[in-house]
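For the record, the sequence lines run as chains A and B. Residue 81 in numbering that gives the first Met the number 0 sits at position 82 of the first sequence; the count goes up by one each step and never skips. Residue 112 in numbering that gives the first Met the number 0 sits at position 113 of the second sequence; the count goes up by one each step and never skips.
Any given hint could be a false lead.
A pair counts as met if it fits within one copy or between any two copies, since identical chains are not told apart.
[Said to hold, decoys possible] BS3-like cross-link-like pairs, simulated, lysine-lysine; straight-line CA separation at most 25 Å:
id, residue 1, residue 2
1, 177, 188
2, 126, 58
3, 30, 118
4, 118, 91
5, 177, 211
Just so you know, the hints here were simulated from the structure itself, not pulled from any lab data.
Protein chains: 2
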Amino acid sequence: MANHKMIIRYDGTNYSGWQKQGNTTNTIQGKIEFHIGDLLGEAVEVHGSGRTDAGVHAKFQVANFFTNKLIERDSFLLALNERLPKDISITKLETATERFHARLNATSKTYVYYIDNAKIADPFRRKYSLHIGTPLNIDAMQSAAALLVGEHDFKSFCGNKHMKKSTVRTIHSINISKDESDLISIEYKGNGFLYNMARILTGTLINVGIKKIPVSDITKILEGKNRKLAGPTAFPHGLFLENVEYTKVSTF
Amino acid sequence: MANHKMIIRYDGTNYSGWQKQGNTTNTIQGKIEFHIGDLLGEAVEVHGSGRTDAGVHAKFQVANFFTNKLIERDSFLLALNERLPKDISITKLETATERFHARLNATSKTYVYYIDNAKIADPFRRKYSLHIGTPLNIDAMQSAAALLVGEHDFKSFCGNKHMKKSTVRTIHSINISKDESDLISIEYKGNGFLYNMARILTGTLINVGIKKIPVSDITKILEGKNRKLAGPTAFPHGLFLENVEYTKVSTF
Numbered sequence: 000m001a002n003h004k005m006i007i008r009y010d011g012t013n014y015s016g017w018q019k020q021g022n023t024t025n026t027i028q029g030k031i032e033f034h035i036g037d038l039l040g041e042a043v044e045v046h047g048s049g050r051t052d053a054g055v056h057a058k059f060q061v062a063n064f065f066t067n068k069l070i071e072r073d074s075f076l077l078a079l080n081e082r083l084p085k086d087i088s089i090t091k092l093e094t095a096t097e098r099f100h101a102r103l104n105a106t107s108k109t110y111v112y113y114i115d116n117a118k119i120a121d122p123f124r125r126k127y128s129l130h131i132g133t134p135l136n137i138d139a140m141q142s143a144a145a146l147l148v149g150e151h152d153f154k155s156f157c158g159n160k161h162m163k164k165s166t167v168r169t170i171h172s173i174n175i176s177k178d179e180s181d182l183i184s185i186e187y188k189g190n191g192f193l194y195n196m197a198r199i200l201t202g203t204l205i206n207v208g209i210k211k212i213p214v215s216d217i218t219k220i221l222e223g224k225n226r227k228l229a230g231p232t233a234f235p236h237g238l239f240l241e242n243v244e245y246t247k248v249s250t251f
Numbered sequence: 000m001a002n003h004k005m006i007i008r009y010d011g012t013n014y015s016g017w018q019k020q021g022n023t024t025n026t027i028q029g030k031i032e033f034h035i036g037d038l039l040g041e042a043v044e045v046h047g048s049g050r051t052d053a054g055v056h057a058k059f060q061v062a063n064f065f066t067n068k069l070i071e072r073d074s075f076l077l078a079l080n081e082r083l084p085k086d087i088s089i090t091k092l093e094t095a096t097e098r099f100h101a102r103l104n105a106t107s108k109t110y111v112y113y114i115d116n117a118k119i120a121d122p123f124r125r126k127y128s129l130h131i132g133t134p135l136n137i138d139a140m141q142s143a144a145a146l147l148v149g150e151h152d153f154k155s156f157c158g159n160k161h162m163k164k165s166t167v168r169t170i171h172s173i174n175i176s177k178d179e180s181d182l183i184s185i186e187y188k189g190n191g192f193l194y195n196m197a198r199i200l201t202g203t204l205i206n207v208g209i210k211k212i213p214v215s216d217i218t219k220i221l222e223g224k225n226r227k228l229a230g231p232t233a234f235p236h237g238l239f240l241e242n243v244e245y246t247k248v249s250t251f
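Between the sequences and the hints, there should be enough to build the whole structure, so can you do that?
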């Protein structure tokens with residue numbers, strides 16, 4: 000059985016997220032599994048590095064699948080992209096070691112949330128950023144972000160009410176910047192993200208940016224371990240899975 | 000009668016172009032006229048700097064309209080953007096001199112055509128660039144472009160078969176560049192563009208880039224004054240109206 004690793008890039012606008020759900024094929028995983036299976040003449044299971052919510056995009060998602068069929072990499076990649084809808088591209092296909100697993104071996108992930116903070120929304124960003132016409136206080140957001148970095152119990156930032164496993168995660172860094180066109184990017188790098196976590200962190204930081212939540216409340220929100228204390232779940236269309244990191248040894 | 004000048008930015012994907020056509024309101028001009036009229040309670044005519052074809056985008060289109068009604072600029076702009084569909088934004092509204100006319104006073108225009116020249120198409124560029132998976136020969140395209148710059152009869156590059164007026168135009172510059180992500184941009188600056196001209200120029204330069212048209216043929220194509228000699232009309236979705244230039248004196 001050869002193990003194949005893929006890098007995937009997708010515009011999530013028209014999908015119900017990464018993960019296959021029952022019979023619905025309107026998911027990224029579903030589309031990719033269908034077309035690989037169709038090309039190989041054999042069903043495959045595609046393991047992603049993790050789920051992305053409905054409407055969330057990915058510039059760099061990683062997945063792997065096993066098959067006994069011989070794959071001529073270049074022509075297979077071309078044929079697969081030819082068949083996939085235009086909002087999903089497989090940008091790379093490589094042979095991985097048998098032990099490589101896109102989810103289990105991932106050591107960290109990077110998400111970026113984009114906010115169009117210009118007074119007048121940019122039509123070309125409308126599907127890839129959240130428009131907030133009022134200028135956000137970036138300094139306050141950065142101070143709040145600093146309190147979120149590190150190992151914490153992120154229960155207050157978890158969208159799954161019935162989460163039974165540990166909600167402790169480590170955020171390595173949160174970088175917030177604003178470019179000359181008033182596009183704000185909030186980059187989160189962490190060892191793992193709970194359900195909706197990047198979006199709830201964003202909703203909370205936005206509330207800090209509009210002074211609805213004082214910076215000093217962040218510690219209380221973390222300590223409270225209660226979803227109701229944090230800000231709202233920011234809309235999915237501003238969020239991008241930007242990268243998935245592996246230790247070199249686990250990939251090959 | 001006060002004369003109002005607007006800067007407009009639009010994603011042309013879902014429109015039948017700039018220009019109002021009979022009863023159809025699925026045009027940029029139609030949408031803007033409708034909402035301004037609705038807000039003012041009086042019909043207005045919006046004069047654009049020129050038409051853009053169905054599916055062509057604009058980062059900077061200029062238009063003007065006259066009204067007797069008093070306009071409180073900031074709140075009017077906010078209300079207008081609130082009502083317009085999200086793929087059209089009015090980014091600026093200013094009072095112009097009575098003599099200002101967006102089309103008649105324009106001295107030159109800049110169009111940019113984007114080509115995604117990466118082997119695998121980028122899902123996020125699919126609506127804003129033409130994907131060509133084969134690497135184009137930029138040097139050859141630049142040599143061909145140099146032959147197109149200047150004052151010429153562009154009849155071979157005019158999509159209107161029944162054009163009775165002069166087809167002589169001046170192209171001030173054509174700049175072709177390719178960035179590290181293999182996005183090619185072809186920037187055309189000229190004193191005026193015939194129907195489909197930017198797209199036919201692009202189709203011709205692409206054919207030069209894939210060696211279907213030798214550079215030396217460009218002069219023959221110009222001299223032949225026959226649409227059939229030039230390349231195809233490139234798809235509209237890669238084209239952006241990037242700027243409209245005026246002499247300072249004409250604007251205010």
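**Study point:** Identical-chain pair category, residue 30 with residue 118, by Cα at 25 Å
**Key:** For residue 30 and residue 118, the Cα distance is within 25 Å only across copies (21 Å; inside one copy 38 Å).
Exercise for review: Can you give me the call for residue 177 and residue 188, within, between, both or neither, at a CA distance of at most 25 Å?
Suggested key: Intra 18 Å, inter 31 Å, cutoff 25 Å: intra-copy only.
Review point. When no copy is named, should residue 118 and residue 91 be tagged within, between, both, or neither for a Cα gap of at most 25 Å?
Key: Classified as between; 11 Å across copies, 38 Å inside a copy.
**Study point:** Alpha-carbon proximity between residue 126 and residue 58, which holds within one copy, between copies, both or neither at 25 Å
**Key:** This pair counts as both: shortest intra-copy Cα distance 14 Å, inter-copy 16 Å.
Check your understanding: Is it within, between, both, or neither for residue 177 and residue 211, if the alpha carbons may be no more than 25 Å apart?
Key -> Answer is within: at 20 Å inside a copy they meet the 25 Å cutoff, but 44 Å across does not.
The structure meets every hint from the earlier list without exception.
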